[in-house]
Every structure is written in structure tokens, then in C-alpha cells.
Amino acid sequence: QKEVEQNSGPLSVPEGAIASLNCTYSDRGSQSFFWYRQYSGKSPELIMSIYSNGDKEDGRFTAQLNKASQYVSLLIRDSQPSDSATYLCAVNLRTGAQKLVFGQGTRLTINP
Amino acid sequence: EAQVTQNPRYLITVTGKKLTVTCSQNMNHEYMSWYRQDPGLGLRQIYYSMNVEVTDKGDVPEGYKVSRKEKRNFPLILESPSPNQTSLYFCASSLAWQGSTEAFFGQGTRLTVV
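Here the protein sequences line up with chains A and B, keeping their order.
Residue 58 in the numbering used here sits at position 58 of the first sequence, and the numbers go up by one each step.
The number in the numbering used here is simply the position in the second sequence, starting from 1, with 112 added.
Treat the hints as calculated values from the structure; they're not laboratory data.
Hints are supplied without guarantee of correctness; some may be wrong.
Capping the alpha-carbon separation at 30 Å, the derived lysine-lysine pairs in DSS-like fashion look like this [what the hints assert, rightly or not]:
(1) A:56 x B:181
(2) A:99 x B:183
(3) A:42 x B:183
(4) A:99 x A:56
(5) A:42 x B:181
(6) A:99 x B:130
(7) B:129 x A:67
(8) B:169 x A:99
(9) A:99 x B:177
(10) B:181 x A:99
(11) B:169 x B:130
(12) B:177 x A:2
(13) B:181 x A:2
(14) B:177 x B:130
(15) A:42 x A:2
(16) A:67 x B:130
(17) A:67 x B:177
(18) A:42 x A:99
(19) B:129 x A:2
For clarity, every value in this text was computed on a predicted model and none was experimentally measured.
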């Protein structure tokens, strides 16, 4: 089992709809969870971080964390073409040396 | 402007010719790391450094070396590059490694080894 798993997509969503991105992780002791956005050929940039169970909202973005199910998700409301990118889930694993582990990323396309 | 700067952005080299990719950050961050990104595999950590003169292997360290002689710089060295090291490389830094701080990434270096 991979330490952090995402559906690689591609995920295609019509403009204005809600895009839902999912991520599961293997280390039950993980404490910190991040979503990065990466445009093609560019570096990843942080868009959301979440540390406790429940929802965290920032503008059109909502991160959801369920530690019991080892599941973290990102919702993008009112999707825009500019949201088309690869979204990387990253988890701070606490087993052994602490490290930030990335999923393989989900490629999201917003169709006008 | 707070940033992580990598050089070069693009590099084509031949097998066995030593090369260095530089990374510098101006945010006084303690923690720095190198990742490679390959299609379908996501970002994989090569090496990381928790402070000056403190470095350790990540998940894919074979064929790479690093050094951290100054807080701001963290060069990645390929002593004898091979074609399987063709990849997109990112340097990243963060304030501290408590696992809860944002990682800032450099612009990336696209390396091709022929």
C-alpha cells in the first residue's frame, strides 16, 4: 500500500460545478495534511493545510479531514478554468523520521 | 521577495559528467529538501537537511549527494549522472521541521541525461 494515494485522474468537471479531490494515507499517526496545486511545468504551491478532523474553508476551497478513515479531501466550489492543474496531497508521516510524503497527484480539468 | 532559487532551469548533459544543481533560499529556513518528480510517481524526496551540516537520505538517494555548509544553500550533486536520473527536480525549504509548516518550492530544474 502506498503511503499516500490519490486517483491520478484525469478528472473533468464543468465550469461552475464542484470539483472533489480525494486522498488516503497509511500512517494513522499523521498530524498534518496539505494540498498543493501545480500548474503544468511549474512548481507546487500550497493552497490548503488542515490539522484536525472536520472541514476547513478558504474562499472557494474546502479541505476535509477524517482521521478515523485516514482520508482527506479537497472541494473546489464554483470551479473556474484557471483551477485546471494537478493537485498534490501531502501528508506528514510520523513513523520513523518525520517526512512529508506526496501522493502522485490528480490532474483536474475544468471545462468551460 | 521571499523565494527559493534553483539553477539552472534546464540542463542537458551526457552520462557520467558530474553536475551540480544549486538551490538558495532567502527566508532563513532551517529545513531544506530535494525532490524529483516523474510522471505517475509524484514527488519523491531525494535528500533533506534539518540545519547546517545536518543532512539525511530521503526515499531515492542513490546517485545523488548534497551538502549544507551554509543555511541558505543546499546544492544537489550528481557525481556520475545516468539516463535514469532524467527528471524534473525541485528544491524546497520550510521554516522548521515540525511537519506543520508550509514548504516553499523552487522553480524546478529539468534535467536530461543522454
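Checked hints:
1. A:56 x B:181: Given that 30 Å is the threshold and the Cα spacing comes to 39 Å, the pair is violated.
2. A:99 x B:183: Holds, at about 19 Å.
3. A:42 x B:183: Judged against 30 Å, a Cα distance of about 25 Å means the pair holds.
4. A:99 x A:56: 23 Å, holds
5. A:42 x B:181: Holds: residue 42 of chain A and residue 181 of chain B sit about 28 Å apart, inside 30 Å.
6. A:99 x B:130: Holds. Residue 99 of chain A to residue 130 of chain B sits at ~28 Å (cutoff 30 Å).
7. B:129 x A:67: Outside the cut-off at roughly 47 Å; violated.
8. B:169 x A:99: 11 Å, holds
9. A:99 x B:177: 19 Å, holds
10. B:181 x A:99: 22 Å, holds
11. B:169 x B:130: 20 Å, holds
12. B:177 x A:2: Between residue 177 of chain B and residue 2 of chain A the Cα gap is close to 26 Å, so the pair holds against 30 Å.
13. B:181 x A:2: 34 Å, violated
14. B:177 x B:130: 11 Å, holds
15. A:42 x A:2: 25 Å, holds
16. A:67 x B:130: The given pair, whose Cα atoms are some 45 Å apart, is violated under the 30 Å limit.
17. A:67 x B:177: 36 Å, violated
18. A:42 x A:99: 23 Å, holds
19. B:129 x A:2: 34 Å, violated
Hint check: violations occur at hints 1, 7, 13, 16, 17, 19; the rest are consistent with the structure.
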